[in-house]
Amino acid sequence: MAQNDSMLVIAQDAIALARKKGANEAAAGAYRVRNVEVQWRDGKVEKVSEATTRGLGLELYVEGRYSSVSTSDLRLEAVERFLEDAVALTRKLAADPHRALPDPSLYEGQAKVDLELEDPRYGEVDALRRRKIAEDLEASARSVKGAQAILSVTTAFGDTMAESFRATSNGFVGARRVTDFGMSAQVSVKDPDGRRPEDWDAASARHFTALPSPEEVGRNAAARALSRIGSRKGESALFAMAVENRSAGRLLGFLMGPLAASALQQKRSFLDGKLGQQIASAKLDLADDPLVPRGLGSRLFDSEGIAARRFTVFEKGMLRSYYVDNYYGRKLGMRPTTRGMSNLAWKLGDKGPDALLADMKEGFLVTGFLGGNSNGTTGDFSLGAQGFRVRGGKVAEVIGEMNVSGNHLELWQRLAAVGNDPYPYSASRTPTLVFEGVQFAGM
Amino acid sequence: MSASTLIIGAGGAGEAGASDLVVGGAGGKPQPGGATSSIGYFARFGVTEAMIAEALGAALSRGGDYADVFFQHRVSNDLALEDGAVNRAFASVELGVGVRVVKGDQTGYGYSEDLSLAALRTCAQTAAAIADGPSRGAPQRFHVAARLPQRYPLRVRWEEIRPEQKLPILDAVNARVFAADPRVKKVSVHFRDESGAVLLADSQGRIVEDLQPMTLLYVSCLAEQNGQREQGGYNVAGRAGFEFYAPDRVDRVVREAVARTTILFEAAPPPAGEMPVVLAAGSSGILLHEAIGHGMEADFNRKNVSIYADKIGKPIARPFVNIVDDATNENARGAINVDDEGNEAGRTQLVENGVLATYLHDSISARHYGVAPTGNGRRQGYQFPPMPRMRSTYMLPGPHKKDEIIASVKKGIYCQNFTNGQVNIGAGDFTFYVKNGYLIEDGKLTRPIKDVNIIGNGPKVLEMVDMVSDDLQIDEGGWTCGKDGQSVPVSQGLPTVRVSSMTVGGRGKG
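So the sequences go chain by chain: A and B.
In the working numbering, each residue carries its 1-based index in the first sequence increased by 870.
In the working numbering, each residue carries its 1-based index in the second sequence increased by 149.
Any given hint might turn out to be false.
Label pairs and their computed distance ranges (CB to CB) [to be verified]:
hint : chain 1 : residue 1 : chain 2 : residue 2 : range
1    : A       : Arg-1261  : B       : Lys-658   : 30 to 38 Å
2    : B       : Gly-519   : A       : Ala-997   : 29 to 37 Å
3    : B       : Ala-295   : A       : Gly-934   : 47 to 55 Å
Derived by calculation from the structure, the hints in this document are not laboratory data.
All C-beta atoms in this analysis are idealised placements derived from N, C-alpha and C, irrespective of residue type, glycine included.
Whenever a hint applies, use it, and build me the whole structure from the sequences.
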């Protein structure tokens, strides 16, 4: 870690300045991010963009009062004035005895591992290379069978180097450098009935060489889009539902959000009071794991500086942990775990999506959710859905304009199977999930 | 991936608001229509006309058809109440510049928080990479665009409103919501205000400046009855000053937050399947935003990917259906005096007597189609190039009456309040989520319904709008539209409308 990085110095100086202006305690975060992106469409560059962006944020504790402030105007005189005003504002708030920096003991015990979050070869990817990838993504999309129905292909490649620094007035100092490489292809096709369905494929990774080939991503995007031609609404009924791994993250997120201590404390969580209870079938078994090398959610410490540790969230369907940050932990009298999800490590099944559909026999394969929402207080949800009907264990007609609904407290009890295929381009790494008896609305 | 989203309230802890940086010093307030160098506001940040000229020169150093430089200073404050006290505040200051070069329909873009000449040059050179020809000169002279409309003039700027003036509103709302119903157990209130200043200078020598306020009051309450918990709320937003919080508005916020929460105890999801859907006047405008608004953004159409790409001039709805996208509604959240490319922003009629009339254009699309820009070129901030976005989208009053519409439905639903929506503009499928509503049975509102997503296909649904009442309402809520990674504030409205059939994502058979 660069002890004398200018952004870390800015963060530390800001703490000193805040205290000079009257704050008793403070935490500061500073970041510097460089992002480069090329977008490509139908044979030529659509957009090129590049920027290095910086910012500074502070949590201020002033005579028992709390505020969180940020600025991108880092001129010294501007920061000074900014902090003066921020401290003055904070004094006008009501005191909150639960607001405090984490106890320093929570900073201790950071794992001493190299998470490999920074690709040492980051600087080798140049403009020509980015452009070639974007071009290849399109060429591959247009190489698939049925490509004459393609109306348009938009592709993109981008990379990011993000450096963040955190310092607190009670002794925490931490820095993190991560690189991120991402590619995507979006394909629109002509349906003879006049519609122009589209689909996409994408990949992202911390290391450039971990990305799949543009050929794979381009072809997938086109194949998926072409498979949407002729989509119809299905009938309203209860059906088994398989959710494709890359779409399952949204559904899972509705179960994970209510695990936040803020939701518990404000009585807005349908998982309140359910620690140790059976929330799902025994198939749901997952842990929060911050120490996965190259993981998209990996970290040695969380956003409050608390040392990152693996912990079980669901064990054979039983709820084992909440996500507890320092503040709401103090309000609830609970020891903090961590504020936000890092990576999820699943106990995977031993079958892939095709075998799971064969077992399912009749139902739907959902390949995308559209809008809809989930009520974190009650667990009710209703989501637009598209995908395919499954008949005799195989993918059959393409389906769209449908809706699935239910309540999470019932839905996850009917989790019948978990696949062996974690989606690699997300922190939640969801595998295919199969549920029994889900309400589909259509005709 | 191109699915565009709309959400209400933007609740939850924010980014941060800011402290009170005073707009002032010599030449503080910009004077539209005045002398060429009326960039007084940004002169405070060391920005001069000479620097802008140099940046544009660097931007056009490899040719290109057009370039612009977009400066932005935005100061936001969020005072929040939880568990009975205003015990947290969030404040943020954003200051930055974006440089864009356009060649045909291709864009180069660079941005920075550093407003020095060196940083401006770097951004400009980054943006110039899109072009590949001989240099074009920078403009020799700048002129301030003709006097802008004033759709959100402030009597007193937010920088001059002290926390002591805002705190009583939060405390009063909290006390009144609790007092309204003993079942209320938790209340949270957010009071947000924002002051924004933008300056755009372009290769045509045009300078445009605007001051852009925004405020939002968001109340969420949690009620408990016999072990059952329900959460609801209400929010209001506008480009307005402190006077926005007149007593009648605050009364309404308290009343609606409680009513929309407690009715949920009596509500159940409706049945699943196709049925007539009646949309209450007001925020049901989300139907338009999703069913047609995004699909009519000109970039999707010039790229040939929207389901509306070949429908201009064609009848797509009954003759009494008229849909507009409007920048002019005074103090509306979706109002703008000028768009983020410096173009005039007025009222654009998307559907005229049932016929699809025009797309929503930014400059690139307008040039592609050979029409005048419609002032829909918006950006989330200096970090982004503009693209076609909506402003305030609504349907004009029609020939029917609300009571007549409800009475016409034998078995269907009445939708009143919404949380969010989304659309795939190619397939045309769109959804919106209904938080509160009623079953309609034999022409009457009967049981309350809740938490149901409605899904339909845009062009099909427009054809099925078969009754439109005369009670147009533009919703006062804090709607935020997302597209391609950029969020912008918008408004929407609708008269009471009947759609003869949509798929209702409920449960069980009716």
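May I ask which of the numbered hints given earlier this structure violates, with the numbers listed in increasing order? 1
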